[in-house]
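Novice: Given chain L, work out where chain D should sit, using these hints.
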Amino acid sequence: MLKDIGVVDSSVVILLGVPMTGKESADYDRRFQRASERMQELWEEGIRFVIPAPVITELSRDGPGLQLLQRVLARMSGWRIHAFDQECAKVAAQMLYPALRARPLGESRLAMKYDAMIAAVAHQLEAKYMLTDNRGDFATYLKLVSSNTELVNVSDPRTKGQLRFIDTARTKATEIQEFGVAAERKPEGE
Amino acid sequence: MSSQENTTQAPESLGLGIAVEGEGIAPSDLTIQHLAELLEATAAVLNSLDSDRTQRARPYLRKIREGSAELVFESAELEWAGLVNDFYDVVKARGAGAKAAVKRSLIRLFKAGRIGGIRVSVIGSHEEARAQPIRMAAPVEEREATIEWTSTVYGRVVGVNIFADHSTVKMELADGGRQDYTVEVSLAEKAARLFNKPARGGLYYVTSGERHESTGLTDIEFWRESDFLDDLRVIRRELEEAGMQVNPEEWIRELD
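Chains L and D are the protein sequences, given in the same order.
Each residue of the first sequence is one higher than the one before, counting from 1 in my numbering.
Each residue of the second sequence is one higher than the one before, counting from 1 in my numbering.
For reference, chain L alone in the conformation it holds in the complex (with noise of 0.2 Å):
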């Protein structure tokens, strides 16, 4: 049976952890809602947020980026982080090997080695959701060893569901938005 627990990727810590500059796309800032309202919700229904160890080493970043690690660093200690022991580094060998064979060469394997390793502690933990905000290769490392726990992308829109009428609501206030803009726009341009 498993566990009431939601690990929870690098993409996730920096969607809701990092201020937006203002030069995202129209569309990060839904994202950005949506994944918060989801992750609410699932802290709400009882899932317990279970932060693997290797995202906070994913999270390392030279430059401005060191700022997240630092406060990463200075409230972790009451997350539960949850050490990538001798049982996760079985189960991500597993779901490396074939596919580090698959991947072709030129593109980068240290990242199939991070989401392997966060996607093992995930199924070794018996959770009930991987989330994400960036699904990469989570599903194919679930898929090889035939986990039971359902990868969730926090920021996708809702399919059902109250919320799902919100989505859509924001979706065409930004469409409205940037055809306004662009009409204001067009009599320069011309």
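Among the hints, a few may not be true.
Restricting the straight-line Cα-Cα distance to at most 30 Å, the calculated cross-link-like pairs of lysine-lysine (DSS-like) are [to be verified]:
# : chain 1 : residue 1 : chain 2 : residue 2
1 : D       : Lys99     : L       : Lys90
2 : D       : Lys99     : L       : Lys3
3 : D       : Lys170    : L       : Lys90
4 : L       : Lys113    : L       : Lys3
Facing chain D, a subset of chain L residues (Cβ under 7 Å, in silico) [as the list claims (entries may be wrong)]:
#  : residue
5  : Gly17
6  : Tyr28
7  : Arg30
8  : Glu45
9  : Leu69
10 : Arg71
The hints are simulated quantities; they were obtained by calculation from the structure and are not laboratory data.
Here the structure is a predicted model, which is why all the values come from computation and not from measurement.
Just so it is clear, CB atoms sit at the ideal spot from N, CA and C, and this is done for glycine as well.
Specialist: Quick look at chain D alone, frame taken from chain L:
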């Protein structure tokens, strides 16, 4: 006590011969206890080699050759030929690279010779490589790498026991279930102060070959889960105030 008989086994049926041999050994030297020990040790090797097969061979003792201490086993199952060959090969290789269970059983068989050496023969083999009986040597000693691991457990302390020779802490794990961990007395005392409180424990264990040994908790401390989403909101606000200028959308893309 070496067999001097010719091996005239029917070609369609392979026999596995296990003999105790040595100059001057007479049949009377083999007691019934020794015979039982030899049978058990042979069965242990066969079982350890057979454990991974889906269909298992069921060998039986066909005969004890007259004038010798050679036990001859046979089986009607198709898997038998493969098992006999594996037996011969693993003895010839002195167990090198074999599973720990196979190695343990080989050592047992080697010791079961007691008064003489163990001779292994494949009776009725058409394969030249396996036609000659071999005298068993002691299995090779292979050093297994020892790996030490750590992990973390989250939960609530629900029991502490201090016995004469060891102490245990029982935790109700956050992921479900209860687990006892062996601890030092000082850690048991620390855990007792956390009774019925949320706690985080450091776990340490050692793996060597097929041995997986948990050495228990190395530390335990009070731990209360914070609201992960609230924490991320605070981080976001702090970074905004600090004027962080990193495009998160690009950063997420870079993860691929």
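Novice: Given the hinted pair lysine 170/D and lysine 90/L, is their alpha-carbon gap at most 30 Å?
Specialist: 27 Å, holds
Novice: Can glycine 17/L be said to touch chain D, with a Cβ gap under 7 Å?
Specialist: Holds: closest Cβ of chain D sits about 5 Å from glycine 17/L, inside 7 Å.
Novice: Is the interface hint for glutamate 45/L satisfied, with its Cβ closer than 7 Å to some Cβ of chain D?
Specialist: 13 Å, violated
Novice: Are lysine 99/D and lysine 90/L close enough, with their CA atoms no more than 30 Å apart?
Specialist: 18 Å, holds
Novice: Please verify that hint: tyrosine 28/L, Cβ, nearest Cβ of chain D, below 7 Å or not.
Specialist: 5 Å, holds
Novice: So, as I understand it, the hint says arginine 30/L touches chain D; can you test that by seeing if any CB pair is closer than 7 Å?
Specialist: 12 Å, violated
Novice: Given leucine 69/L was flagged as interface, is its beta-carbon under 7 Å from a beta-carbon of chain D?
Specialist: Nearest chain D Cβ about 10 Å off; hint violated.
Novice: Run the distance test for lysine 113/L versus lysine 3/L: straight-line Cα separation, threshold 30 Å.
Specialist: At roughly 25 Å apart (the allowed maximum being 30 Å), lysine 3/L and lysine 113/L satisfy the hint.
Novice: Take a quick look at whether lysine 99/D and lysine 3/L sit within 30 Å of each other, Cα to Cα.
Specialist: Since the Cα atoms of lysine 99/D and lysine 3/L sit roughly 34 Å apart, the hinted pair is violated (cutoff 30 Å).
Novice: Using the nearest Cβ pair, does arginine 71/L come within less than 7 Å of chain D?
Specialist: At about 4 Å, which falls below the 7 Å cut-off, the nearest Cβ of chain D leaves the hint on arginine 71/L intact, so it holds.
When each numbered hint is compared with the structure, violations occur for hints 2, 7, 8 and 9.
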